[in-house]
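Colleague: Given next are the chains, with one letter for each unit.
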Amino acid sequence: MKYLDEYRDADGARQYAREIARVTTRPWNIMEVCGGQTHSILKFGLDQLLPEGVTLIHGPGCPVCVTPLELIDQALEIAARPNTIFCSFGDMLRVPGSAADLLSVKAASGDVRIVYSPLDAVKIAAENPASEVVFFAVGFETTAPATAMSVYQAARKGLGNFSILVSHVLVPPAMEALLSSPQCRVQGFLAAGHVCAVMGCAEYEPIAAKYHVPIVVTGFEPLDILQGVFMCVSQLEEGRAEVENQYARAVRQTGNQPAQELIRQVFTVVPRKWRGVGEIPQSGLGLRDAYAGFDAAKKFGLSRHTVEEPADCLSGLVLQGRIKPPECPAYGKRCTPEHPLGATMVSSEGACAAYYRYRGLAAVKAACETQ
Amino acid sequence: MADSLEFTGACPIPIQQYPRILLAHGGGGKLMHQLVEKMFLKGFGHPSPRAQHDSAVLTMPAGRLAFTTDSYVVQPLIFPGGDIGSMSVFGTVNDLAMSGARALHLSAGFILEEGLPMETLWRIVCSMRAAADRCGVQIVTGDTKVVDKGRGDGLFINTAGIGVLEHPLLISPDSVRAGDAILVSGDLGRHGIAIMSVREGLGFEATLQSDSAPVAAPILEMLAAGIEIHCLRDLTRGGLASTLNEIAQAASLRLCLEDQLIPVRDDVHAACEMLGLDPLLVACEGRFAAFVAPRDAARALAILQRSQAGAARIGEVAAEMPAVVALQTALGPSRILEMPSGEQLPRIC
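Line by line, the protein sequences give chains A and B. Take the first sequence: its letter number 3 is residue 88 in the working numbering, and every next letter is one higher. Take the second sequence: its letter number 342 is residue 345 in the working numbering, and every next letter is one higher.
If we strip away everything but chain A, and leave its shape as in the complex, we get (with noise of 0.2 Å):
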């Protein structure tokens, strides 16, 4: 398939492998932000293609997994509500929340329904007028600016029926949080080609001058990943810290203006509580005032209690890089994708799924040995 084929290509792979060896003189751990990064690293085997020493520490940017389990159950009590049609993306229907997921509440009579772009809960709020209809919006800067044009065009078509549960995140803030970590072992970072596609490379700037840290914005194809790793690993050798940009074809220095104008017109920056991490300040996207009507927590005026994560689940350890799935000793028994723990047994891009899908309790063994 054209643009797809040649980012797999085996001898290209091979290629890259042997030069991240040749380039190799002593160990490195290379974070890859995304989950979609991760995915492919594990569906297409390329950390085993790498030299011994270059290890892949598995990141926090899954959007499903770090929404936290409080605002998990505010969309469990919205999409209950009679008279409501509940809209999320797919992923987020099997997430937990503390006593149920959308899809028992889906089959307990709950209008919830699978949409691709928050613009479809848009217009379903048209066709709809006499139920609310809210859009559960998830994910971090790729995602935000398809939200923000949904709110945008509600406005502008006066839809009062129509509104969001707000969980946009941020991932500059985050990867900071994971730095100034006393317990943080990354050295440089494959940063997600996706989020940059849209913000640009700059605001990555401060962060690798600050920590000495090499960034190589990566696109998500087996032979992009291997050659971030590659640019990493170079960088690291040569003791550069600097912002790269391997997923050229898709990120532009300056980002997409436009989109980012559109943020910033319907966000604000604000704090932000990730699941398994904790609050980080200034890391997520709240509704400016001009929307405050489209704020579903505010209109259905929803508890906002604290909800503690089950005791057995290291999620947040596995988000913060610290252990691999595998290494949790419920991954596989107490937990797995059909009776999950936390959301990074859940969700397609999350960490512990990923493992289980594509290396399944064979990479209990594989853990047990290399510890």
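Any given hint could turn out to be false.
Under the rule of at most 30 Å between Cα atoms (straight-line distance), these lysine-lysine pairs were calculated in the DSSO-like manner [unchecked claim]:
(1) K148(B) x K191(A)
(2) K41(B) x K148(B)
(3) K152(B) x K41(B)
(4) K191(A) x K383(A)
(5) K191(A) x K152(B)
(6) K384(A) x K191(A)
(7) K208(A) x K384(A)
(8) K418(A) x K191(A)
(9) K152(B) x K208(A)
Simulated from the structure, these hints should not be mistaken for laboratory data.
Using the hints provided, position chain B relative to the given structure of chain A.
Modeller: Relative to the frame of chain A, chain B by itself:
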């Protein structure tokens, strides 16, 4: 025959009278009688004038019989490349074919939702008849129920089928042996993606056609050619991944596939990439996997490819444990092909 029954808009129940199904069409009175008489008996063509009885009386050939049932629910009822009617005939005939049986007779049970357009029902009945003629089977008995509006999804169909086994083989996961070749009968995932693209209004530029089709002919041909078939399984819900995991577990053997050999069309692949789905987990309606003795693999593949160009040999059965499906990726490393945990959900970004 089939041609004369193609949908022409000439629904045998006068539209001006009842353009839609009423609850009374399932009430046992005149309306129900009219529906059975003019819609189903006319459409399916009853074998004897006295067929309108509680059960069909059949004369069966001697030997082993295969018997199966399946229920069909799909939205939309009519989709690119097929409809619920033809699917309900092909599906059950295909299920019989998976034990190497030649299908003889089908039953058809209809659960109609009040308000279903009479013309839609007629179109689907005609499609079932054409499908049955194509497969050489007769629909010999049936049933109709009507449920309140909002209590059904337009139309549900259940079909059961009886077929005869004209070969001595035990076609089952128990017969799978280390060394067996694993073949698939055509390109994968088209039905699921075709349905999803119309149902979700995804608006892809080109319309994908479902792969819904009967698959008995190449199976009977393989049997007639003396090919040692060990196991057959159709690749419906859960796609290739579910089916092969079931067989690996039932046979307690490891299945080894090569990713590059698995046939997936570019348009299906592109749609899956866009939606974050794995084509190996997407449903087909006219595809199956065949496990055959290695010495017969080339001949079996030739027969399958004459029937469907995309057929391919995708791997083999290994002796080692654990009983999983291992997939060698294009780049070299292997991974497991997991049984999907539920319906695939399109991802966020």
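Colleague: Are the hints correct? Go through all of them and say.
Modeller: Here is what the structure says about each hint:
Taking the CA atoms of K148(B) and K191(A), the gap is near 27 Å; set against the 30 Å cutoff, the hint holds. Between K41(B) and K148(B) the alpha-carbon distance is near 16 Å, which keeps this suggested pair within the 30 Å criterion. For a cut-off of 30 Å, the pair hint linking K152(B) to K41(B) stands: about 23 Å separates their Cα positions. Distance check on the hinted pair: K191(A) and K383(A) sit about 23 Å apart at the alpha-carbon level, within 30 Å; holds.
Restraint check for K191(A) and K152(B): satisfied, since their Cα atoms lie roughly 20 Å apart, inside the 30 Å limit. For the given pair, K384(A) sits about 22 Å from K191(A) by alpha-carbon distance, which is consistent with the 30 Å threshold. Note on K208(A) and K384(A): the hinted pairing holds, with a Cα-Cα distance of about 20 Å set against a maximum of 30 Å. The suggested pairing of K418(A) with K191(A) holds, with an alpha-carbon distance near 28 Å, which does not exceed 30 Å.
The hinted pair formed by K152(B) and K208(A) meets the criterion: a straight-line CA distance of about 25 Å does not exceed 30 Å.
Hint check: no violations occur; every hint is consistent with the structure.
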